[in-house]
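Letter by letter, the chains look like this.
There are 2 protein chains.
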Amino acid sequence: MVLSGPSGCGKGTVLKEFFARGGDAFLSVSATTRAPRPGEENGVHYYFLGREEFEEKLSGGEILEHACYCGNYYGTPRGPVYERLERGENVILEIEVQGGLQIREKCPEAVLVFVLPPSFAELRRRLIGRQTEDMETVSRRLEAARTEMQAAYDYDYVVVNDRVEDAVEELKAIFAAERIKTENRKNIIDEVLHYDA
Amino acid sequence: MVLSGPSGCGKGTVLKEFFARGGDAFLSVSATTRAPRPGEENGVHYYFLGREEFEEKLSGGEILEHACYCGNYYGTPRGPVYERLERGENVILEIEVQGGLQIREKCPEAVLVFVLPPSFAELRRRLIGRQTEDMETVSRRLEAARTEMQAAYDYDYVVVNDRVEDAVEELKAIFAAERIKTENRKNIIDEVLHYDA
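Going down the list, the protein sequences come from chains A and B. Taking the numbering used here, the leading residue of the first sequence gets 1, the next gets one more, and so forth. Taking the numbering used here, the leading residue of the second sequence gets 1, the next gets one more, and so forth.
Source of the hints: derived by calculation from the structure; they are not laboratory data. Each hint should be verified, as a subset may be incorrect.
The list cannot tell twin chains apart, which means a pair is met if one copy fits it or any two copies do.
To be verified - Restricting the straight-line Cα-Cα distance to at most 25 angstroms, the calculated cross-link-like pairs of lysine to any residue (SDA-like) are:
{"id": "1", "residue 1": "Lys106", "residue 2": "Arg78"}
{"id": "2", "residue 1": "Lys16", "residue 2": "Lys106"}
{"id": "3", "residue 1": "Lys181", "residue 2": "Gly39"}
{"id": "4", "residue 1": "Lys186", "residue 2": "Glu52"}
{"id": "5", "residue 1": "Lys106", "residue 2": "Pro38"}
{"id": "6", "residue 1": "Lys181", "residue 2": "Asp154"}
{"id": "7", "residue 1": "Lys106", "residue 2": "Glu143"}
{"id": "8", "residue 1": "Lys181", "residue 2": "Gln102"}
{"id": "9", "residue 1": "Lys186", "residue 2": "Asp134"}
{"id": "10", "residue 1": "Lys11", "residue 2": "Gln131"}
{"id": "11", "residue 1": "Lys181", "residue 2": "Ala35"}
{"id": "12", "residue 1": "Lys186", "residue 2": "Ser7"}
For clarity, every value in this text was computed on a predicted model and none was experimentally measured.
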């Protein structure tokens, strides 16, 4: 499951509550070439890689999606994700829309979920409420959010983050429903049908 | 939502538990030209229609799907279904696979759910356990079930009725997930995006 949404939509809170309420999934850790900030741990916040190392993995097909910001690479390492998927576990990638659309190309089995704020006005309130940024930054973020939210039309599901608990239930419902889609249950139908009575 | 599955898969029990556990949906009542049996009420068990009346509705497009068994018509009246859908309610049609596939043609927004027994052996045990039928009837039903279950591949979701409570949760998850599919949320995306900030 790819989870995207603009800054201020509350993705982080929804994820935290998802895990707090017994949500069962592996949250993918991104790789980056930027330097760790104080307190950031390798393998927890990010996998910190050298530029050469990242580019090797990239050309080796070991990065599922990637982007460049401020001269640094950010991407999703393939290994840990497929390890979990092969064990039948749920996996969540919390990534930007460009990355999400790369995942759709490479992994047609991926489910893309877009988190929307209940309204644009509410998004603005939330961004202003943070009080960590001046109004110019807020305006810039709002315009970026508007552009980003266009991608919602290309995602599979849209979760409106009005009440966090409802959003969490919706994520769980998506996982539950996707598991029992016919394309993921062909083995079970085969088994029931071809048992020799 | 179309719900189908062979005799003995436990569809009826799953539906009963779905409603007992607060499941929110309108269960469509079929129309038929066969005579009511003792205790059957018009509009509850079936809508009992005359042959001519049924055929008029059929040619008027008022029957969503239909079939003929033993010289009688059975079908789903359009009116009550769309009345509920227009109010945003969930609707369940418990019908045969032929009907299910007719619904898919006429209502592309329909979601087709097939209920499977956990195994063929278990289906046989359940049919024998009823003790209302001789072994020849059981054998015939099992062969019919095998044929019917081929249609599971053409449905959207497959619910394996092992534990009834799990099957009920899966039905609820399907309703919840389908509601937030992007195709059903375009209005909400529009609203959030086109609000003039």
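Comparing the hints with the structure gives:
no.	hint	result
1	Lys106 with Arg78	within (11 angstroms within a copy, 42 angstroms between copies)
2	Lys16 with Lys106	neither (27 angstroms within a copy, 42 angstroms between copies)
3	Lys181 with Gly39	neither (42 angstroms within a copy, 39 angstroms between copies)
4	Lys186 with Glu52	neither (42 angstroms within a copy, 43 angstroms between copies)
5	Lys106 with Pro38	neither (34 angstroms within a copy, 60 angstroms between copies)
6	Lys181 with Asp154	both (20 angstroms within a copy, 11 angstroms between copies)
7	Lys106 with Glu143	neither (29 angstroms within a copy, 42 angstroms between copies)
8	Lys181 with Gln102	both (23 angstroms within a copy, 20 angstroms between copies)
9	Lys186 with Asp134	neither (54 angstroms within a copy, 32 angstroms between copies)
10	Lys11 with Gln131	within (19 angstroms within a copy, 54 angstroms between copies)
11	Lys181 with Ala35	neither (42 angstroms within a copy, 39 angstroms between copies)
12	Lys186 with Ser7	between (39 angstroms within a copy, 21 angstroms between copies)
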